[in-house]
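Trainee: The primary structure of each chain is shown beneath.
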Amino acid sequence: MSQQYPALLVIVPLLSALVISAAGWINKRLCFPIAVAALGAAAYSCIGLLLRVLEEGAIVYRFGGWDPPMGIAYYVDHLNGLVLVVVSVVAFLNLIASKKSIELELPDKTAPFYALYVLQVTGLLGIVATGDAFNLYVLLEITALSGYAMLAMGKDRAQLSTLNYLYMGTIGACFYLLGVGYLYIVTGSLNMVDIANILPPLYESKAVLGAFIICLVGVWIKMAFFPLHAWLPNAYTHGPSAASSLIAPLVTKVMIYVMIRLILTVFTPEFAFNVLAVSKPIVWLAVAAIFMGAILALAERNLKKMLTYIIVAEVGYMVGGAWLGNRAGMTGAILHIVNDALMTLCVFLVVGNIAYKLKGYAFDDLKGLVRKMPFTMGALVIGGLSIIGVPPTCGFFSKWYLISGAIQAGQYAFMVALLFSSLVNVVLFFRVIEICYYEPFSNAHGHDHHPEPMAEAPLTMLVPLFIVAVGLILVGLYTGDIVNNVIEFAIPKSIV
Amino acid sequence: MGDLIQIVVAKYNYWIYITLMMIGLYAMIVKNNLVKKIVGMNIFQTAIILFYVSTGAKRGATIPILEHGHGEHGAGAHMIHAVDYINPLPHVLMLTAIVVAVATLGVALALAIRVYNRYDTLEEDEILAQIREK
Numbered sequence: 001m002s003q004q005y006p007a008l009l010v011i012v013p014l015l016s017a018l019v020i021s022a023a024g025w026i027n028k029r030l031c032f033p034i035a036v037a038a039l040g041a042a043a044y045s046c047i048g049l050l051l052r053v054l055e056e057g058a059i060v061y062r063f064g065g066w067d068p069p070m071g072i073a074y075y076v077d078h079l080n081g082l083v084l085v086v087v088s089v090v091a092f093l094n095l096i097a098s099k100k101s102i103e104l105e106l107p108d109k110t111a112p113f114y115a116l117y118v119l120q121v122t123g124l125l126g127i128v129a130t131g132d133a134f135n136l137y138v139l140l141e142i143t144a145l146s147g148y149a150m151l152a153m154g155k156d157r158a159q160l161s162t163l164n165y166l167y168m169g170t171i172g173a174c175f176y177l178l179g180v181g182y183l184y185i186v187t188g189s190l191n192m193v194d195i196a197n198i199l200p201p202l203y204e205s206k207a208v209l210g211a212f213i214i215c216l217v218g219v220w221i222k223m224a225f226f227p228l229h230a231w232l233p234n235a236y237t238h239g240p241s242a243a244s245s246l247i248a249p250l251v252t253k254v255m256i257y258v259m260i261r262l263i264l265t266v267f268t269p270e271f272a273f274n275v276l277a278v279s280k281p282i283v284w285l286a287v288a289a290i291f292m293g294a295i296l297a298l299a300e301r302n303l304k305k306m307l308t309y310i311i312v313a314e315v316g317y318m319v320g321g322a323w324l325g326n327r328a329g330m331t332g333a334i335l336h337i338v339n340d341a342l343m344t345l346c347v348f349l350v351v352g353n354i355a356y357k358l359k360g361y362a363f364d365d366l367k368g369l370v371r372k373m374p375f376t377m378g379a380l381v382i383g384g385l386s387i388i389g390v391p392p393t394c395g396f397f398s399k400w401y402l403i404s405g406a407i408q409a410g411q412y413a414f415m416v417a418l419l420f421s422s423l424v425n426v427v428l429f430f431r432v433i434e435i436c437y438y439e440p441f442s443n444a445h446g447h448d449h450h451p452e453p454m455a456e457a458p459l460t461m462l463v464p465l466f467i468v469a470v471g472l473i474l475v476g477l478y479t480g481d482i483v484n485n486v487i488e489f490a491i492p493k494s495i496v
Numbered sequence: 497m498g499d500l501i502q503i504v505v506a507k508y509n510y511w512i513y514i515t516l517m518m519i520g521l522y523a524m525i526v527k528n529n530l531v532k533k534i535v536g537m538n539i540f541q542t543a544i545i546l547f548y549v550s551t552g553a554k555r556g557a558t559i560p561i562l563e564h565g566h567g568e569h570g571a572g573a574h575m576i577h578a579v580d581y582i583n584p585l586p587h588v589l590m591l592t593a594i595v596v597a598v599a600t601l602g603v604a605l606a607l608a609i610r611v612y613n614r615y616d617t618l619e620e621d622e623i624l625a626q627i628r629e630k
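Line by line, the protein sequences give chains A and B. Using the working numbering, you'd call the opening residue of the first sequence number 1 and step up by one each time. Using the working numbering, you'd call the opening residue of the second sequence number 497 and step up by one each time.
No lab work stands behind these hints: they were computed from the structure. Take the hints with a grain of salt, since some may be wrong.
[As the list claims (entries may be wrong)] Sample of chain B residues at the chain A side, in silico, Cβ under 10 Å:
1. Val-505
2. Met-537
3. Leu-562
4. His-587
5. Ala-599
[Claimed, not checked] Have a look at the derived ranges for each label pair, beta carbon to beta carbon:
6. A:Ile-185 / B:Ala-599: 19 to 29 Å
7. A:Leu-298 / B:Pro-584: 47 to 57 Å
8. A:Gly-410 / B:Ala-553: 46 to 56 Å
9. A:Met-70 / B:Val-595: 17 to 27 Å
10. A:Pro-281 / B:Thr-592: 26 to 36 Å
11. A:Val-426 / B:Leu-500: 55 to 65 Å
12. A:Gly-48 / B:Thr-592: 28 to 38 Å
13. A:Pro-281 / B:Ala-599: 34 to 44 Å
14. A:Met-70 / B:Ala-553: 14 to 24 Å
15. B:Asn-528 / A:Tyr-437: 29 to 39 Å
16. B:Tyr-581 / A:Gly-48: 39 to 49 Å
17. B:Ile-503 / A:Gln-4: 15 to 25 Å
18. B:Leu-500 / A:Gly-48: 52 to 62 Å
For glycine and all other residues, C-beta sits at the position ideal for the given N, C-alpha and C.
Given the sequences, and given the hints that come with them, work out the whole structure.
Mentor: Here it is as structure tokens:
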């Protein structure tokens with residue numbers, strides 16, 4: 001059984017997506033339990049897989065028994081074992097938290113929504129687990145297409161902003177496909193490890209250079225790296241809350257993982273950092289991304305849209321960290337994938353709870369909210385502290401690694417950008433907290449004699465939120481274990 | 497000049513795909529109509545499909561089916577030279593890419609219909625003007 005985990009974590013959700021859409025015709029109530037069972041099984045396989053990787057090292061799973069250069073192999077090591085666990089756990093928690101909000105926001109579309117949700121998770125897990133460059137493209141498009149469909153179910157401008165996302169997303173995926181085509185012409189292989197073995201004598205080839213740049217740009221479009229970020233804020237803001245809180249934490253983070261995988265495995269760090277002299281310009285781009293994300297977030301008067309610009313800045317953290325070219329920066333980038341997925345999930349679940357009770361999340365709607373929803377607001381404070389990077393929460397530790405990596409590499413601009421972004425985040429979150437805690441509720445007209453009754457979101461939404469908020473602190477406290485036992489082995493020895 | 501023409505003629509398949517790709521990209525950037533953008537997107541995807549398919553081709557090669565694979569001669573009776581057969585792998589990969597392109601096109605057109613139902617137009621500037629008015 002445990003031998004088959006790499007296959008199960010993709011096949012179980014994929015098949016249950018089909019079962020869910022069929023079950024929707026019979027009885028809509030069947031869909032949710034099937035989705036929970038499928039994602040629960042996927043999360044179980046992912047955790048089991050990570051434990052196996054920790055014990056016996058990297059695992060190669062051959063689909064249908066075909067050997068790697070010919071057949072498709074799933075290749076799980078410490079890096080993607082960790083990301084797999086994060087993706088599956090975040091998706092599972094968000095599914096449970098979102099049940100009520102899906103029923104409220106999309107009453108007649110629950111069955112297709114659950115099917116798309118599970119399909120999206122299939123794609124994300126597949127991207128992370130696969131060891132085949134072309135297989136990755138197909139799973140990328142599975143993720144993207146189910147994401148478009150889910151985001152377009154939102155209200156207002158959702159369809160228009162999703163269409164813009166679709167244009168950009170398709171260009172991104174096509175660029176990646178083109179880059180893989182170049183690699184295939186040069187090496188004759190699609191397997192990542194095989195490509196990495198064939199490439200070294202070809203490092204000077206212009207085609208390899210072209211392949212690398214085209215792949216990288218494609219992945220950047222998909223992760224909304226600064227000059228290519230324009231699609232993200234609107235698409236994530238207008239989507240239904242259940243879809244945003246799945247897609248916002250996971251899709252950008254999985255794309256960062258793909259970039260790190262391209263650097264570490266496919267093209268090897270030797271090529272990316274030494275043969276090509278592009279690290280510095282890319283770190284500068286990341287600096288621009290962090291500054292612009294922070295400034296644009298400052299201009300927003302809407303909680304959810306503000307958070308989407310914070311994602312743009314966070315993508316800058318991780319791209320910059322990965323391209324610093326040293327161990328601390330890479331550790332920070334990988335650790336930040338884990339932390340940022342949890343932080344973003346936490347704040348987007350808060351937005352989901354607010355949307356469930358208030359039907360709006362502009363700053364004016366939030367006045368005095370703490371009396372109405374104390375637990376939700378408590379979670380927002382923890383999530384906010386973590387995004388700012390206040391010590392026991394996990395955000396502090398990844399930022400610490402990133403900053404020490406920046407100092408080691410002599411990239412002081414990146415360090416300044418990180419500190420600037422932390423300061424801006426302080427302003428952003430304390431502004432929200434001030435509105436929620438100290439301004440009177442908009443209906444109360446400042447009278448204290450009839451305090452607002454508590455109207456908290458239902459327990460099924462609060463418990464997952466509570467788990468995530470506690471998780472933020474626990475991951476922070478166990479950062480040392482995560483780094484020493486997992487991330488340390490994920491980074492090749494050649495990076496010092 | 498003569499060198500340039502030689503480069504273009506020798507690698508004409510790549511030039512065709514680059515031209516098509518740029519036409520698609522141009523349509524996506526410049527066109528105002530959402531459906532024209534979708535058409536541009538599809539041209540862009542098709543250009544990449546053509547690129548892959550053309551990389552599998554070889555001069556003087558035939559379809560990759562072994563004529564004497566079975567029967568009294570046996571597979572070992574003939575030496576198989578890879579040069580004699582076109583490379584089938586890029587073609588097979590593109591079957592998947594075509595399916596992806598069709599699915600993307602379907603989703604894009606469905607979204608365009610929803611946008612049209614909402615704003616009664618597919619011209620981007622008119623839609624943005626409507627959004628700004630609100």
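Trainee: Evaluate each hint against the coordinates.
Mentor: Here is how each hint holds up against the structure:
| no. | hint | verdict |
| --- | --- | --- |
| 1 | Val-505 | 19 Å, violated |
| 2 | Met-537 | 5 Å, holds |
| 3 | Leu-562 | 17 Å, violated |
| 4 | His-587 | 12 Å, violated |
| 5 | Ala-599 | 6 Å, holds |
| 6 | A:Ile-185 / B:Ala-599: 19 to 29 Å | 26 Å, holds |
| 7 | A:Leu-298 / B:Pro-584: 47 to 57 Å | 55 Å, holds |
| 8 | A:Gly-410 / B:Ala-553: 46 to 56 Å | 49 Å, holds |
| 9 | A:Met-70 / B:Val-595: 17 to 27 Å | 22 Å, holds |
| 10 | A:Pro-281 / B:Thr-592: 26 to 36 Å | 34 Å, holds |
| 11 | A:Val-426 / B:Leu-500: 55 to 65 Å | 58 Å, holds |
| 12 | A:Gly-48 / B:Thr-592: 28 to 38 Å | 30 Å, holds |
| 13 | A:Pro-281 / B:Ala-599: 34 to 44 Å | 36 Å, holds |
| 14 | A:Met-70 / B:Ala-553: 14 to 24 Å | 22 Å, holds |
| 15 | B:Asn-528 / A:Tyr-437: 29 to 39 Å | 47 Å, violated |
| 16 | B:Tyr-581 / A:Gly-48: 39 to 49 Å | 43 Å, holds |
| 17 | B:Ile-503 / A:Gln-4: 15 to 25 Å | 51 Å, violated |
| 18 | B:Leu-500 / A:Gly-48: 52 to 62 Å | 59 Å, holds |
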